[in-house]
Amino acid sequence: MKSKFAIFALLTFVLLSWGLYQALVGAPTEATMGQVQRIFYYHVPNAWVMELCFPLNFLASIIYLVNRKAAIDAFAVATAEVGVVFCTVVLLTGPIWARPVWGIWWTWDARLTSTLVLWLIYVGYLMLRKLSTGGPNPVLAASFAIFGCIDAVFVFMAIRWFRTQHPKPVFAGGADSGIDPRMMHAFLINLLAFTCYGALLVWIRYSLERTRQKVDEAHAMKSLLHQEARSSR
Amino acid sequence: MSVLSVLRITLAKDLRMEWRSKDAINSMLFFALLVVVIFSFSFDLTADESRQIAGGLIWVALLFAAVVALNQTWARELRNQVLDAYRVSPAPAESLFLAKTIGNFLFVAILELLMTPLFIVFYNLRSIGPVYQLILASVLGNWALVVNGTFFGAMSIRTRSREVLLPLILFPISIPALLAMVGATTSTLTGEGSAHLSLVFLAVYDVVFTLLGLFLFETVLQAE
Amino acid sequence: MKFLYAAFGITWAVHIVYLVILTRGFNKLRDDIKDLERE
Chain B
1022 MKSKFAIFAL
1032 LTFVLLSWGL
1042 YQALVGAPTE
1052 ATMGQVQRIF
1062 YYHVPNAWVM
1072 ELCFPLNFLA
1082 SIIYLVNRKA
1092 AIDAFAVATA
1102 EVGVVFCTVV
1112 LLTGPIWARP
1122 VWGIWWTWDA
1132 RLTSTLVLWL
1142 IYVGYLMLRK
1152 LSTGGPNPVL
1162 AASFAIFGCI
1172 DAVFVFMAIR
1182 WFRTQHPKPV
1192 FAGGADSGID
1202 PRMMHAFLIN
1212 LLAFTCYGAL
1222 LVWIRYSLER
1232 TRQKVDEAHA
1242 MKSLLHQEAR
1252 SSR
Chain S
48 MSVLSVLRIT
58 LAKDLRMEWR
68 SKDAINSMLF
78 FALLVVVIFS
88 FSFDLTADES
98 RQIAGGLIWV
108 ALLFAAVVAL
118 NQTWARELRN
128 QVLDAYRVSP
138 APAESLFLAK
148 TIGNFLFVAI
158 LELLMTPLFI
168 VFYNLRSIGP
178 VYQLILASVL
188 GNWALVVNGT
198 FFGAMSIRTR
208 SREVLLPLIL
218 FPISIPALLA
228 MVGATTSTLT
238 GEGSAHLSLV
248 FLAVYDVVFT
258 LLGLFLFETV
268 LQAE
Chain P
47 MKFLYAAFGI
57 TWAVHIVYLV
67 ILTRGFNKLR
77 DDIKDLERE
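Protein chains in written order, with the numbering used here: chain B, 1022 to 1254; chain S, 48 to 271; chain P, 47 to 85.
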């Protein structure tokens, strides 16, 4: 297991380095936006990983409430934390990209707002876990995650219908046809690299949580046995 | 015991206790008053502007006041270890949830009845659209805040910084409802745009989250 | 362009911070295990 992990980690590192090079140097400069467009090679892949993590947490939360397996909860907290990390990157790089290109730091359109709300919800989720008396309460957290994700859907729909749509700039030169193949290459490499990195992080965080669960169990067992030994004397 | 009878009894008990002590109501009312004054003081608006903005202001003010109320009602339960009693009793958790929610709804409604006239006075508000829409928005919006607030209140009192955690987890969840409430209120006040979509959205939100809360409350109550 | 470097820099800053958090978590876990075995 250890060697599989090491190989995967190495592969991820290679992909990330290659992706970085492609993003900064390899890909050609975009015609209209200039150098700043390269942020796209980082912003979108990070968003993609976040969009993988949060639904996975949603599923894990539901499954946990049904079968109450500790391993599922470990997976839930792992995807939540990693999701928040990538979401933070998205929320920071987005405005940094938007400002020079479109002149605005922020707009309340459906996509941005639901991303922000998801960030708020999952930070709340992590705080709920952290602040519960007597250790993280996985049932409360799972219930909250379910509320949160359903709510995110409502947020998206609400803004779609109630706020006048600012002409949301599509990723110019990104997803449209006629894109330079070297740009596509840079994009795909970074997409793969960050997906692997995200998976790696979830794997690490999951093992950390599982081990912690087992240590806590062992602790509890130990104090139980000590108590028994003491009382039987 | 049937769901309905437990509901009735629990609700009556809550209301009776609150009526006797009156401390929660009084502090909530005064807090609501202060919130209205401060908001009105901070924004000096013309008649037209006030119609555009009042919707948002009223709901934000109400949100803050409601959180104070919500924290209160659950804190009282915790103080007397009533929560543990509920857990072991055969009474269905759903009725407890509904009773608490309805009780909170009534408290927040009292806050609304206090704060709204004050806002009207301070901002010289006059609604261009039909008033029944405003009332509908108040009722649906109130329920939206209170149904989630009651559910998360039950969660957050089990944590260390309980008073702070409730708004932390309630606010993001309430954002779509807030959008709809403010949208409906502003449309009605200014007479521009239709409030119907917002009101329907709010109603759907209420139904979905009430069902979700009913479904999961037992789980949350039993979580150690 | 400074926006470009800011974006890339911030991305890695966030990721590195998280890696540090994870490392701290592992160290604390290792200490806990040592305590457990010592008893």
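Simulated from the structure, these hints should not be mistaken for laboratory data.
Worth double-checking, as some hints may not be accurate.
16 Å max Cα-Cα, derived EDC-like pairs, lysine to aspartate or glutamate [stated by the list, open to error]:
id: 1; chain 1: P; residue 1: K74; chain 2: B; residue 2: D1237
id: 2; chain 1: B; residue 1: K1090; chain 2: B; residue 2: E1238
id: 3; chain 1: B; residue 1: K1235; chain 2: P; residue 2: E83
id: 4; chain 1: B; residue 1: K1090; chain 2: P; residue 2: E83
id: 5; chain 1: P; residue 1: K80; chain 2: B; residue 2: E1051
id: 6; chain 1: B; residue 1: K1243; chain 2: P; residue 2: D78
id: 7; chain 1: P; residue 1: K80; chain 2: B; residue 2: E1249
id: 8; chain 1: S; residue 1: K60; chain 2: S; residue 2: E124
Verification of the hints:
For the hint pairing K74/P with D1237/B, the CA-to-CA distance comes to about 13 Å; that is within 16 Å, so the pair holds. At roughly 14 Å between alpha-carbon atoms, K1090/B and E1238/B fall within 16 Å of each other, so this suggested pair holds. With a CA separation close to 13 Å, the supplied pair K1235/B and E83/P stays within the 16 Å bound. Proximity of K1090/B to E83/P is assessed by CA-CA distance (about 26 Å); at most 16 Å being required, the pair is judged violated.
Of the pairs offered as hints, the one joining K80/P and E1051/B is violated, with about 55 Å between alpha carbons and a cut-off of 16 Å exceeded. Restraint check: the Cα-Cα separation between K1243/B and D78/P comes to about 13 Å, which is no more than 16 Å; the hinted pair holds. For the suggested pair K80/P and E1249/B, the alpha carbons sit about 23 Å apart, so the restraint of at most 16 Å is broken. About 12 Å separates the Cα atoms of K60/S and E124/S, which keeps this hinted pair within 16 Å; it holds.
Going through the hint list in order, the structure does not satisfy hints 4, 5, 7.
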